[in-house]
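Please build the complex by placing chain B on the supplied structure of chain A, with the hints as guidance.
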Amino acid sequence: MPKKIENVGCPYCGVCCDDLVVTVSDDGKQILEVENACAIGNQIFHHATGSERVRLPRLRQPDGTYKDISYDEAVDYAAKVLHNAKKPLIYGFGSTNCEGMAAAAKVAEKAGAVLDNCASICHGSSFLAIFDNGYPSCTLGETKNRADVIVYWGANPAHAHPRHMSRYSIFPRGFFTGKGHKSRKIIVIDPRHTDTAQVADIYLQVKQGHDYDLFDAFRTAARGHEIPEEVAGIKRERILEVVEIMKKARFGTIFYGMGLCHSDGRNHNVDIAISLTRDLNDFTKWTIMAMRGHYNITGPGAVWSWQYGFPYCLDLTKRDIAHMNPGETSSVDLAMRDEVDAFFNVGTDAGAHFPIEAVKHLKKHPWITVDPNICMASEISDLHIPVGVVGVEVPGIVYRMDNVPIQYRKVIDPPEGVISDEELFERIHKRLCELEAEEAAKGPAKATPAGVRAEE
Amino acid sequence: MANRITLNMITQRSIEEGVAMEKGKTTPEYFEACSIIEMHDDDVRALGLVPNQLVRVTSECGSVVVKAVRGRQSLYPGLAFIPQGVWANQVVPPRTQATGEPQYSGFPVTVEPVNGERRKSALELVQGAVGLWRGDQ
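For the protein sequence lines, the chains are A and B, in the order given. Numbered per full-length UniProt numbering, the first sequence spans residues 1 to 456. Numbered per full-length UniProt numbering, the second sequence spans residues 1 to 137.
Everything labelled a hint here was simulated from the structure, so no lab data went into it. We treat Cβ as the ideally placed atom computed from N, Cα and C, and that holds for glycine. Any given hint might turn out to be false.
Stretches of chain A that chain B covers, calculated by requiring three or more beta carbons in the stretch to come under 8 Å of a beta carbon on chain B [unchecked claim]: (1) 92–102; (2) 278–291; (3) 297–308; (4) 349–358; (5) 373–387; (6) 390–399.
Some chain B residues flagged as far from chain A (calculated, every beta-carbon gap over 10 Å) [stated by the list, open to error]: (7) Val44; (8) Arg119; (9) Leu125.
Extracted from the complex, chain A is given alone in its bound form:
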C-alpha cells in the first residue's frame, strides 16, 4: 500500500513550503506523487529517483573520461587536495542542510580554506547593507497575518518563488487580513512587466539600474520635500501616489530581489531600501525582507555566523582566526585574481552560474564537486562525489528566507551506498587529521594525491 507522508518540506526555494504531501511506493523506494509543490519543487522530488542518478564517486582519468571509485578513495583524494593546497576555496551550500554546512566549516578550518556560499553571487550585497543599516524585518507569518500593502521590488516570485504570493504575501487570508487579496494593495517595481506585475494594483517600470534614484525619490517625498517631475522613468504623480499608500498602510512589507543586488550600486540599493523602510516607520509599521533564493541559503549565514562571526566570504587561511572582506575574500574575485589553488563546489553549480571567465580561472586547479546530480560543475570536475538529496533522502535543519529554522525530513532512502554531505565532510575532516599526523611524524614532506590534476 503506498504511503502518504504529510507536512514535507520542499528543497527548492527560500519559501521552504512545508505543506507538501508525498506519496511513496510500497517498498519506500519510489516517489509516486507530490501534492502542493510548485512545478520546480515537484521536479526535484521526481528527479531524485530517476535512473540517471550517480551512485559512486567518479574520478577524471587522463583521457578525460570518468572512472567510478569508492567513497574511501574519494575521501582520500579530496583530503589530499585540501591538504596540499595553499588556499583552497570551498563554495556553495545553497542546497544542503545546516548539519552539512557545519561539518564543511570544520573541514575548511582544518584545511585553512576560504569558505563561501551562494550568497556571494546572490544576496551578499544584502549582508553588506544590513551590516551598515540594520534589518527592520519580520517573519513571513507576520506579513501573512498583518500586511495590507506589499511591495515587490526587483523580485519576480511568480518565477523564482512560485508559492510565495499564495502562502504569505498576496492571496492568503491571515488573522488581521481576513479578506486576503481583496484587502491588500500590491505594488510591483521592476524594469520588466513580469508575471508578478500581472497581479499588481500598481506597477512602476523603473529604468534598469536606477533603483537607487527611485528609492531616494520615495524617501524625499515621504519627508514632504519636492521631487523632480520624473525619476528613473517614473512620473512624480505616480511616486507621490505610491508614497501616500505606503504612509497610510497598516502594515507593509518590501520584498526585494536580485534586481537590487545584481545591478549597479549593489549593496547601496539595498541600503537605501532599508532606509526607506526605516523612514516609513515614522508613519506606520513597515518591514523589509530579502527574497532568498535556495531553500537553505539562509542556513550558512546562520551557521557560520554562529561558528565564526561572519555569514559568507570567510577567509579561514589562518585557521581559527576568521576574516571576511567581500571583494577580497569573495569567490568570483578570488577566482579572477587566481588566488585559490583548489576548488570545492558543494551543493550548487558554479559551472553554470558563475561567469564563464571565473570558471576558466578556477579550472586551472583541482576542482571537486559534491552534489547529488549531474550538473555543469560535475562535468568539468576532477572528482565528483554524489550525496543524498536533502529534504528527499536526507533530513536536517534548514533556514527559511525569514530566518525561521525548519526541521526537514526524508521521504525515501538515498540510493544504496550514497552518503550525506555531513558524513562526507566528517570523513574528509578525519582523513585531514590523519594526514596532518602522518606529516608531523615524517617531517615537512607532503603527501601527493593519486588523482590526475592533483599531481600538478
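Okay, now just chain B, sitting in the frame of chain A:
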C-alpha cells in the same frame, strides 16, 4: 534596418529555467529554456529579425549564439533579457564592484543576426571553455 544594435542586458531566473534545471542541465528542456534572448519589438524590428531567428550576443568579455523569442514578460526598448544559466554566463562580466557579485544585470551587449551558425549545448559551452569538450558524446 541595423546590422547590429547595442542593448542593456539583464539575466534573471525564469520558471522554465528552474523546472528544466532541476530536471537536468543536459536536457533539451534546459537548452530551450535558457538559450534564448527576449527583446522589445522595436529592437526586433530594428534588427529585421523573424521569429526564432538566431542572434549573436557579445559583451565586453564574451559572445554566445541564442534564439530571439517573444517573451511573455515585456521589456522596454533598449533592454534585453537572457534567462540565468549557461548561455547568459558566457557574456556576464565577472566584475563585482568589490562585493563579490558579478554584473548579472545591467551591462552593454551588441546583438546581431547570424546565418550558418548554431546554438551550442550547455556541455559544449562549459566543457569547451575549459578544454574538456570531446564532441557530441
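Consistency of the hints with the structure:
1. 92–102: Our answer is that it is violated, as 0 residues pass the Cβ test (under 8 Å) against chain B, missing three.
2. 278–291: violated (count 0)
3. 297–308: violated (count 0)
4. 349–358: holds (count 9)
5. 373–387: Since three or more residues must qualify, the claim that chain B covers the region 373–387 of chain A holds, with 6 doing so at under 8 Å.
6. 390–399: violated (count 0)
7. Val44: holds, 16 Å
8. Arg119: Check passes; 15 Å lies beyond 10 Å.
9. Leu125: violated, 7 Å
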